[in-house]
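Student: With chain G held as given, fit chain H onto it using these hints.
There are 2 protein chains.
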Amino acid sequence: MIKYPGGKKSYKKPDSFALTSRRGMSLEEDINKTNDYYLFMDIGVVHKKPTPIQIVNVDYPSRNKAKITEAYFRQASTTDYQGVYKSIALDFEAKETKNKTLFPLAALHQHQLDHLRAVNKHGAVAFLIIRFNTLDETYLIFAKDFLQYIDTSEQRSLPIKWIRDVGYLVESTFKKPCDYLSIIEDVCIKEKV
Amino acid sequence: MIKYPGGKKSYKKPDSFALTSRRGMSLEEDINKTNDYYLFMDIGVVHKKPTPIQIVNVDYPSRNKAKITEAYFRQASTTDYQGVYKSIALDFEAKETKNKTLFPLAALHQHQLDHLRAVNKHGAVAFLIIRFNTLDETYLIFAKDFLQYIDTSEQRSLPIKWIRDVGYLVESTFKKPCDYLSIIEDVCIKEKV
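From first to last, the protein sequence lines are chains G and H.
Each number in the working numbering corresponds to the 1-based position in the first sequence with 4 added.
Each number in the working numbering corresponds to the 1-based position in the second sequence with 4 added.
Next up, chain G with everything else stripped away, as it sits in the complex (with noise of 0.2 Å):
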């Protein structure tokens, strides 16, 4: 950190940003991104929920165009990304963290935990995409994995020791600046054959 006259401060770059292709976009955008990568190339189809809004009030300005007045956020009650790919059921939530040391479980709400654990138990591939943005380092973690350690650990949180061990790192490339997918391939589909 370089201290500057007049109190501006400088922020060094990390050494890893020069290495990254996302440059700093947020998860979301990266996953939208690799999405649309997927589906441009007819690889999976993967596509973020809308966010769940309660409209109270709508004005019809004119006779084509509804202009909503009054609406507010609702809690979402799944996860934020769902789709397919090679007959398989994909669910998952994405989340950041600017911790170093875990990933709090306070970040997930109970009911996202419930739909994991149900889409999980009919067969769908569940799992968590959890960014370390200080540490700029992307796991997947399975819901089977997590899961189990939610229900056998007092913690709630999840060590980032544990998620290195248990997680998959996500890489990033310019074209697939989270390729979730790969992990997918490798341990869901090259495994079971």
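If you're looking for bench data, these hints aren't it; they were derived computationally from the structure.
Here the structure is a predicted model, which means the values were calculated and not measured.
Do not take every clue at face value.
[What the hints assert, rightly or not] Result set (DSBU-like, lysine-lysine): computed pairs, CA atoms no more than 35 Å apart in a straight line:
| # | chain 1 | residue 1 | chain 2 | residue 2 |
| --- | --- | --- | --- | --- |
| 1 | H | 104 | G | 125 |
| 2 | H | 104 | H | 194 |
| 3 | H | 90 | G | 37 |
| 4 | H | 104 | H | 165 |
| 5 | G | 99 | H | 165 |
| 6 | H | 179 | G | 148 |
| 7 | G | 71 | H | 90 |
| 8 | H | 125 | H | 53 |
| 9 | H | 102 | G | 165 |
| 10 | H | 90 | H | 71 |
| 11 | H | 69 | H | 102 |
| 12 | G | 53 | G | 71 |
| 13 | G | 53 | H | 102 |
| 14 | G | 148 | H | 125 |
| 15 | G | 69 | G | 102 |
| 16 | G | 125 | G | 165 |
| 17 | G | 148 | G | 99 |
| 18 | H | 53 | G | 179 |
| 19 | G | 69 | G | 90 |
| 20 | H | 71 | H | 165 |
| 21 | G | 125 | G | 53 |
| 22 | H | 99 | H | 194 |
| 23 | H | 90 | G | 179 |
| 24 | H | 90 | G | 125 |
| 25 | G | 125 | H | 52 |
| 26 | G | 194 | H | 104 |
| 27 | H | 52 | H | 148 |
| 28 | G | 53 | H | 179 |
| 29 | G | 69 | G | 148 |
| 30 | G | 99 | H | 125 |
| 31 | H | 179 | H | 125 |
| 32 | H | 71 | G | 104 |
| 33 | G | 71 | H | 53 |
| 34 | H | 125 | G | 90 |
| 35 | G | 37 | H | 71 |
| 36 | G | 125 | G | 71 |
| 37 | H | 125 | G | 52 |
| 38 | H | 148 | H | 71 |
Tutor: Same frame as chain G, but now just chain H:
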């Protein structure tokens, strides 16, 4: 139709109404109620996606409450329903029509057809649920069937005769007013064995 003085009209219920348990509920309400039952009974997990909305302006009248004061409906780029049943990825769209002889394909957006084609190709079980309100008949039509029809026919509609031939009549009970998973079970699970 009985005419009353003062221009009031009395609506005569169709006879079939007495036989059904739906009692004027919309197809969407029927599917949501059925999905709630599937979830509660741990049969499968299917959810309706939220309506996509473009948010333009948000007020914060209090610290915890965000009020959306300007927003617009966006066109959905996918289908309305997604889920998982016995490891099958499900993806479908539901439509009602008052037409008695055909389902007009104009009721489906091109990107919805493209989406159904894509997920069908990647191994999801994709389908349409079409309710003919006047006939009080609801059909499940698999994407592989109607996509083939669309690709080989010049018609811009699905005739009821063709639907009755190729589609599956969806049964309605009080607890499962649109029991489409029974059809998935019969066609995709039992017939596979």
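Student: Against the structure shown, which of the earlier numbered hints fail to hold, in ascending order?
Tutor: Hint check: 1, 5, 7, 9, 10, 11, 15, 19, 20, 26, 29, 36 and 38 fail, others pass.
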